[in-house]
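*Asks:* Taking the hints into account, I'd like the entire structure generated from these sequences.
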Amino acid sequence: MNNSLIQVENVAKRYRLGTIGTGSLKADMMDWWNRKVRNKKDRFQEITEEDKDPNGYIWALQDISFEIREGEVLGIIGRNGAGKSTLLKILSRVTRPTRGRIRGRGRIASLLEVGTGFHEELTGRENIFLNGNILGMNNREIRSRFEEILEFSGVQKYIDTPVKRYSSGMYVRLAFAVAAHLDPEILIVDEVLAVGDAEFQKKCLGKMKDVSEREGRTVLFVSHNMQAVQNLCSRAILLQSGRIVSTGEPRQVIAHYLHSGRKYDLLQQWSTPGEAPGNQHIRIRRVEIQPMPAEPGGPVDIRTPLLVSFEFWNLDPLHLCIGLQLLTLGGECIFDVSSPSVLLQQGIACGECLIPGNFLNDGAYSISLFFVKDTSILLYSHEECLSIEVADYRENVSWFGKWEGYVRPDFPVLLQMKLPQNPAS
Amino acid sequence: MPSPEIPVPAWEINPSSGWLDLRIRGSWHYKDLVLRLVRRDFLVSYRQTVLGPIWLILQPLLTTLTYIVIFSKVAGISTDGLPAMPFYLAGILVWNFFSECMPAVSSTFSSNAAIFGKVYFPRLVVPVAAVVSQLLRFTIQLGLFFPVLLYYTLYRRTIHPNLLMLAFPLLIVIIAGIALGTGLILSVLTAKYRDLNNLIYFGLRLMMFVTPVIYPLSIVPSGIRFWVRINPLTPLTEAFRYAFLGKGQFSWGYLAYSFICMAVILFAGIALFNRMEDQAMDVL
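Residue numbers (the numbering used here), protein chains in the order written: chain A, 1 to 425; chain B, 1 to 284.
Treat the hints as calculated values from the structure; they're not laboratory data. Here the structure is a predicted model, which is why all the values come from computation and not from measurement. For glycine and all other residues, C-beta sits at the position ideal for the given N, C-alpha and C. Hints may contain errors.
Unchecked claim - Quick partial rundown of chain A residues pointing at chain B, CB under 10 Å, derived from the structure:
hint, residue
1, Lys13
2, Lys89
3, Gly117
4, Pro296
5, Arg303
6, Pro305
7, Leu343
8, Gln346
As the list claims (entries may be wrong) - Think about it this way: if two alpha-carbon atoms lie no more than 27 Å apart in a straight line, the pair counts; the simulated DSSO-like pairs of lysine-lysine are:
hint, chain 1, residue 1, chain 2, residue 2
9, B, Lys118, B, Lys73
10, B, Lys73, B, Lys247
11, A, Lys164, B, Lys192
12, A, Lys207, B, Lys118
13, B, Lys31, B, Lys118
14, A, Lys157, A, Lys207
15, A, Lys209, B, Lys31
Said to hold, decoys possible - Label pairs and their in silico Cβ distance ranges:
hint, chain 1, residue 1, chain 2, residue 2, range
16, A, Glu185, B, Leu206, 29 to 35 Å
17, B, Gln48, A, Glu185, 38 to 44 Å
18, A, Arg165, B, His29, 40 to 46 Å
19, A, Thr161, B, Thr139, 27 to 33 Å
20, A, Arg165, B, Trp11, 37 to 43 Å
21, A, Gly323, B, Pro15, 44 to 50 Å
22, A, Asp160, B, Arg157, 48 to 54 Å
23, A, Gln280, B, His29, 53 to 59 Å
24, A, Asp160, B, Pro15, 31 to 37 Å
25, A, Gly71, B, Val50, 53 to 59 Å
*Replies:* Below is the structure:
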């Protein structure tokens with residue numbers, strides 16, 4: 001067992017909702033008065049169990065305890081708003097926890113800090129030093145790696161040009177080059193925050209693999225890409241509404257993630273447009289996956305056709321087509337099909353799509369719907385709204401390993417003897 | 001499974017920092033950052049200007065000329081028997097140093113929110129860099145002041161510098177301390193209550209009128225003398241003039257008053273800043 005590098009103990013973080021405007025000075029002073037002068041208990045300290053209390057505070061994290069061991073790649077997964085970013089902010093010391101403590105050793109650097117502090121009036125050279133200093137390197141360290149950084153960035157020719165003249169690609173490459181040469185003991189990679197092109201994200205992942213595999217460093221990886229988490233991480237933590245709900249083997253934690261939090265797996269419906277998700281054009285009324293097994297109540301397996309049906313309130317008369325995507329729960333799209341564009345009146349519209357049996361491989365899938373106006377303008381997307389698990393089914397096969405592939409169509413594959421060998425010849 | 005304790009925890013993150021938990025050891029590591037920020041300030045201020053750093057000299061010179069015309073020639077305010085040029089220049093240099101330093105420090109959070117939201121480093125680095133940067137500007141401006149002094153001392157023989165001159169770095173340190181302290185307090189307050197920002201510039205303008213910049217302390221009428229005298233910048237301005245020009249109300253006791261004010265304000269400022277820096281981040 002490797003030594004532990006960071007220990008997180010009972011960390012909780014509370015945020016105040018809303019803006020700081022008129023009255024907050026008064027509220028703060030009254031708090032202070034009650035707490036310190038009249039010696040009452042902090043009224044916020046008593047309410048701990050609720051996620052949200054009536055006074056406009058919200059708990060972004062609660063009871064977070066875990067440890068990070070030397071050399072491991074720890075994945076943190078969870079839905080948006082589960083507290084991942086807050087946790088990273090606390091770990092990178094940008095903000096403090098409301099309760100609990102974290103102890104550790106080693107320098108933490110994160111790739112979500114790419115380009116922080118870059119000043120566009122300054123030259124590339126000045127910015128390398130400025131950014132490096134901000135990220136915690138001293139001048140000697142930067143100088144010793146300057147050539148490497150320059151080479152990695154590929155902007156040698158423009159190094160004495162102000163970065164405001166750079167293309168955005170050059171800018172990002174230079175910024176990334178500095179962050180990538182920080183040499184931290186602990187690297188935080190937040191894929192969610194690393195907005196930017198696919199190439200840049202790939203570079204992030206590549207660097208991460210490098211750092212963990214070749215240099216044996218510790219990495220904290222936050223991502224929505226389950227495939228990446230599964231491939232890269234040695235351990236994973238699942239956050240849900242600010243709490244750790246699962247930790248351990250990435251495969252198991254991901255399975256937990258995929259099965260949790262989906263309240264409406266096969267059916268979502270709303271009775272009035274007011275409460276339904278959507279916008280001024282579209283309100284979702286019902287979306288449903290109906291498995292159509294050969295016998296009622298039978299298992300849903302790879303042979304089962306799936307009928308996807310949906311209804312929505314159409315609030316404007318317009319030319320509309322519906323796109324339907326089937327995704328693996330890792331987020332990869334298996335197919336993307338679309339209805340013809342139809343002129344719809346105001347009112348309730350409906351549609352359906354039949355995914356035939358003997359088409360999908362076994363696994364868990366989700367469905368996203370896209371509402372497109374005039375075949376080009378996206379009005380609303382209802383993403384990953386449904387999910388379904390398709391079980392395996394095999395006949396006359398004595399092998400039980402994982403069947404590869406996203407789809408498992410029932411195309412005939414022929415096999416026969418072409419020229420039998422004559423035993424006599 | 002419970003794991004072994006971390007052998008030597010190098011750092012610990014807690015809900016709140018102490019009032020005076022300065023982390024001096026860690027801070028030294030960031031001296032390069034302080035100097036880098038100072039350098040950035042300089043490089044950025046004079047990018048795409050025609051005259052560049054010459055503005056540093058030009059600005060107080062132009063202000064002085066304006067004051068000579070308005071306050072000395074038109075309004076006829078006394079300059080304590082001193083020639084107007086060095087009299088106003090001395091006041092302006094001292095006052096400018098303070099009045100540039102203080103807002104530079106107090107805007108710490110608002111102008112660095114983006115960086116503070118992403119990277120950790122001791123936040124005190126930024127205000128300290130702001131003060132160092134202003135000190136450097138002040139030093140360059142002395143390059144204007146000293147030739148003027150020489151001219152009036154040796155050629156016109158109308159001013160009489162004395163040995164207190166040697167103590168002038170002390171005066172500057174006290175001014176810098178007061179500016180840093182007030183700035184730190186205001187930086188925390190403005191991070192939370194942004195409308196206070198408008199008050200800062202108003203307050204600075206008011207403060208200039210109770211600091212002997214455009215008049216000597218000796219002509220202040222008794223009605224407002226109290227307000228001018230309790231201003232800790234007053235003894236510093238007067239001492240500065242006394243040291244270089246030979247006239248002004250100076251006593252060590254009065255200077256000690258300034259020093260004590262500086263110590264109290266700076267102590268309070270650092271303590272408050274230290275205590276609130278992390279909370280301020282959550283409301284930005």
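*Asks:* The structure should be examined with respect to each hint, and the outcome stated for every one.
*Replies:* Hint-by-hint comparison with the structure:
Annotation: Lys13 (chain A) was flagged as interfacial toward chain B, and the flag holds, the nearest CB pair being 9 Å apart, inside 10 Å. For Lys89 (chain A), the suggested interface contact is upheld, since its CB lies about 8 Å from the closest CB of chain B, less than 10 Å. The beta carbon of Gly117 (chain A) comes within 5 Å of a beta carbon in chain B, closer than 10 Å, and the hint placing it at the interface holds. Hint on Pro296 (chain A) is violated. Least Cβ distance to chain B is approximately 48 Å, over the 10 Å limit.
Nearest Cβ of chain B to the Cβ of Arg303 (chain A): about 44 Å, over the 10 Å cut. The hint is violated. Taking 10 Å as the C-beta contact cut-off toward chain B, the hint placing Pro305 (chain A) at the interface is violated, the least distance being around 48 Å. Because the smallest distance between the Cβ of Leu343 (chain A) and any Cβ of chain B comes to about 47 Å, over 10 Å, the interface hint for this residue is violated. The beta carbon of Gln346 (chain A) is not positioned within 10 Å of any beta carbon in chain B (closest approach about 45 Å), and the interface hint is therefore violated.
The suggested pairing of Lys118 (chain B) with Lys73 (chain B) is violated, with an alpha-carbon distance near 54 Å, which exceeds 27 Å. A distance of roughly 20 Å separates the Cα atoms of Lys73 (chain B) and Lys247 (chain B); the hinted pair therefore holds under the 27 Å criterion. Taking the CA atoms of Lys164 (chain A) and Lys192 (chain B), the gap is near 32 Å; set against the 27 Å cutoff, the hint is violated. With a C-alpha separation of about 20 Å, the suggested pair Lys207 (chain A) and Lys118 (chain B) falls inside the 27 Å cut-off, and the hint holds.
A threshold of 27 Å between alpha carbons decides the hint, and for Lys31 (chain B) with Lys118 (chain B) the separation of about 20 Å falls inside it, so the pair holds. For the hint pairing Lys157 (chain A) with Lys207 (chain A), the CA-to-CA distance comes to about 24 Å; that is within 27 Å, so the pair holds. This hinted pair does not check out: Lys209 (chain A) and Lys31 (chain B) have alpha carbons roughly 33 Å apart, beyond 27 Å. In this structure the supplied range 29 to 35 Å is violated for Glu185 (chain A) paired with Leu206 (chain B), their Cβ-Cβ distance being about 51 Å.
Checking the proposed 38 to 44 Å range against Gln48 (chain B) and Glu185 (chain A) shows it holds: the Cβ atoms sit about 41 Å from each other. The supplied range of 40 to 46 Å is broken by Arg165 (chain A) and His29 (chain B), whose beta-carbon atoms lie about 33 Å from each other. Between Thr161 (chain A) and Thr139 (chain B) the C-beta distance comes to about 31 Å, which sits within the given range of 27 to 33 Å. A C-beta distance of roughly 39 Å is found between Arg165 (chain A) and Trp11 (chain B), which places it inside the suggested range of 37 to 43 Å.
Gly323 (chain A) and Pro15 (chain B) have their C-beta atoms about 48 Å apart, which keeps the hinted 44 to 50 Å range intact. Taking 48 to 54 Å as the suggested C-beta distance range, the pair Asp160 (chain A) and Arg157 (chain B) conforms, at roughly 51 Å. The given range of 53 to 59 Å is respected by Gln280 (chain A) and His29 (chain B), whose C-beta atoms sit roughly 54 Å from each other. Taken as a hint, the range 31 to 37 Å is violated for the pair Asp160 (chain A) and Pro15 (chain B), whose Cβ atoms sit roughly 46 Å apart.
In this structure the supplied range 53 to 59 Å holds for Gly71 (chain A) paired with Val50 (chain B), their Cβ-Cβ distance being about 57 Å.
Consistency with the previously given hints fails for numbers 4, 5, 6, 7, 8, 9, 11, 15, 16, 18, 24, ordered from lowest to highest.
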